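> From first to last, the protein sequence lines are chains X and Y.
Those letters in the first sequence? Residues 1 to 103, by this note's numbering.
Those letters in the second sequence? Residues 1 to 312, by this note's numbering.
Watch out, some of these pointers could steer you wrong.
[Said to hold, decoys possible] From chain X, some residues computed to sit far from chain Y (all C-beta separations above 12 Å):
{"hint": "1", "residue": "Asn46"}
{"hint": "2", "residue": "Asp72"}
{"hint": "3", "residue": "Asp87"}
{"hint": "4", "residue": "His90"}
{"hint": "5", "residue": "Ala91"}
{"hint": "6", "residue": "Thr95"}
[Unchecked claim] Per the computed footprint, the stretches of chain Y lying under chain X, defined by three or more beta-carbons under 8 Å from a beta-carbon of chain X, are:
{"hint": "7", "region": "90-98"}
{"hint": "8", "region": "200-207"}
[Claimed, not checked] In silico lysine to aspartate or glutamate, EDC-like type, Cα no more than 20 Å apart, as pairs:
{"hint": "9", "chain 1": "Y", "residue 1": "Lys192", "chain 2": "X", "residue 2": "Asp74"}
{"hint": "10", "chain 1": "Y", "residue 1": "Lys288", "chain 2": "Y", "residue 2": "Glu232"}
{"hint": "11", "chain 1": "Y", "residue 1": "Lys192", "chain 2": "X", "residue 2": "Glu56"}
{"hint": "12", "chain 1": "Y", "residue 1": "Lys288", "chain 2": "Y", "residue 2": "Asp195"}
{"hint": "13", "chain 1": "Y", "residue 1": "Lys127", "chain 2": "Y", "residue 2": "Asp195"}
Since the hints were made in silico from the structure, they are not lab data.
None of the values given here were measured: they were computed from a predicted structure.
From the three backbone atoms N, C-alpha and C, an ideal C-beta is built for every residue, glycine too.
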Amino acid sequence: MNTPEAPRHEETPWSLWEVFVRSSRGLSHVHAGSLHAPDAAMALRNARDLYTRRNEGVSIWVVPAEAISSSDPDSKGSFFESPQGKDYRHATYYTKSEGVKHL
Amino acid sequence: MSAPETPATDSKAEFAIDGHGDISVGVSGAGASGDGSASATRITPGNALRPEDIALEIRRGQVSPSQDAAELALRIGDDALILAQRLGHWISRAPELEEDVALGNIALDQLGHARSFLTYAGAAWGKSEDDLAYFRREPEFRSAHLFEQPNGDFAVTIARQFVVSYYQFELYRRLTESTDATIAAISAKAVKEVDYHRDHSAQWVLRLAGGTEESRARMIQGFHLVWPYVDELFEDDELTARLAASGAAVEPSSLRADFDRLTGEVLVEAGLEIPNVPQALGGGRRGKHSEFLGYILAEMQVLAREHPGASW
Numbered sequence: 001m002n003t004p005e006a007p008r009h010e011e012t013p014w015s016l017w018e019v020f021v022r023s024s025r026g027l028s029h030v031h032a033g034s035l036h037a038p039d040a041a042m043a044l045r046n047a048r049d050l051y052t053r054r055n056e057g058v059s060i061w062v063v064p065a066e067a068i069s070s071s072d073p074d075s076k077g078s079f080f081e082s083p084q085g086k087d088y089r090h091a092t093y094y095t096k097s098e099g100v101k102h103l
Numbered sequence: 001m002s003a004p005e006t007p008a009t010d011s012k013a014e015f016a017i018d019g020h021g022d023i024s025v026g027v028s029g030a031g032a033s034g035d036g037s038a039s040a041t042r043i044t045p046g047n048a049l050r051p052e053d054i055a056l057e058i059r060r061g062q063v064s065p066s067q068d069a070a071e072l073a074l075r076i077g078d079d080a081l082i083l084a085q086r087l088g089h090w091i092s093r094a095p096e097l098e099e100d101v102a103l104g105n106i107a108l109d110q111l112g113h114a115r116s117f118l119t120y121a122g123a124a125w126g127k128s129e130d131d132l133a134y135f136r137r138e139p140e141f142r143s144a145h146l147f148e149q150p151n152g153d154f155a156v157t158i159a160r161q162f163v164v165s166y167y168q169f170e171l172y173r174r175l176t177e178s179t180d181a182t183i184a185a186i187s188a189k190a191v192k193e194v195d196y197h198r199d200h201s202a203q204w205v206l207r208l209a210g211g212t213e214e215s216r217a218r219m220i221q222g223f224h225l226v227w228p229y230v231d232e233l234f235e236d237d238e239l240t241a242r243l244a245a246s247g248a249a250v251e252p253s254s255l256r257a258d259f260d261r262l263t264g265e266v267l268v269e270a271g272l273e274i275p276n277v278p279q280a281l282g283g284g285r286r287g288k289h290s291e292f293l294g295y296i297l298a299e300m301q302v303l304a305r306e307h308p309g310a311s312w
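Please model the complete structure; the sequences and the hints are all you need to start from.
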């Protein structure tokens, strides 16, 4: 950071984008991967080249990676496993009432 | 192409190029499971016209180009082949990995078009696409000079690609109505791919011209270097006159107005002017090439000439 010159390319890499591809009508967009691009329009084009080259999709979303807040993989236990032992959260926990036929 | 009736996707060691200009890394026959579906990147050709289909039709005697149509296919195929070789040089050298892939895809699209046109052209002389690509000498190539121009920096490559793809788009768009059914079919497939090439290069022209002082200066310089080779693309001659008269093709000069209008729109948006530069002599269609083609051919042909009959 002691250079007075304009930032070189290596110091200002393209920003990171997350790519979501919808494989066909009626399905939801699914995360396909990430890529670098200078802006959203180029991110869409790069996504097309990287993730839909074999007819994978009918629609692409790109989202700046920094716009995504994600859960912390290290706190997986407390975050996702607390429902364990709480069987009553599942329908199968309950016994079927007599006389109810099509449950 | 020497194994008749064998689908090209079978177990040959190869980089197979599919209809979408895609790479599928095949597995060598020895030791590989014979079933081509073992590869996760197996080609799904769909309904797209492939060079293998054209070769099959030629062997069955279902299609055969007129001498003039073959000459035209040779010109168009050579343009695409030489450009593909030029663009392939960018792989691993582009500004970012993503751009490696974009330019690589465009190169493969061009190679796909070249394969189809050269396969078709070769039918007139009993030659395969490989014969034409690897066993012709420099004066026998019919590509225009623009296609063999050096890559330069990224902006020069973008300038060249911008001119090429707007020219090719107009050409293929008109050739979809060719009375020659094979030329029309190859063009119908190619025009969709080239439409994307237009978009890719136009996006970059806008960004480089509107970027930093440095990128803008380089974009201007790129057009300055490329523009002397534009006129050659739109030159008519006796062959194109005969083809136009028969409805098999259009005169290249008739593409110019649309080319000027559409490229002009992008240049205006980018705040660029058409460079005021004298036009180069041209002559590629007559086999007179610049000093650059020989080096491309040497690199492209060395393996095939060193090991005649090798398949890959």
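> When the hints from earlier in the document are held up against this structure, which numbers fail?
Violated hints: 1, 9, 12, 13; rest satisfied.
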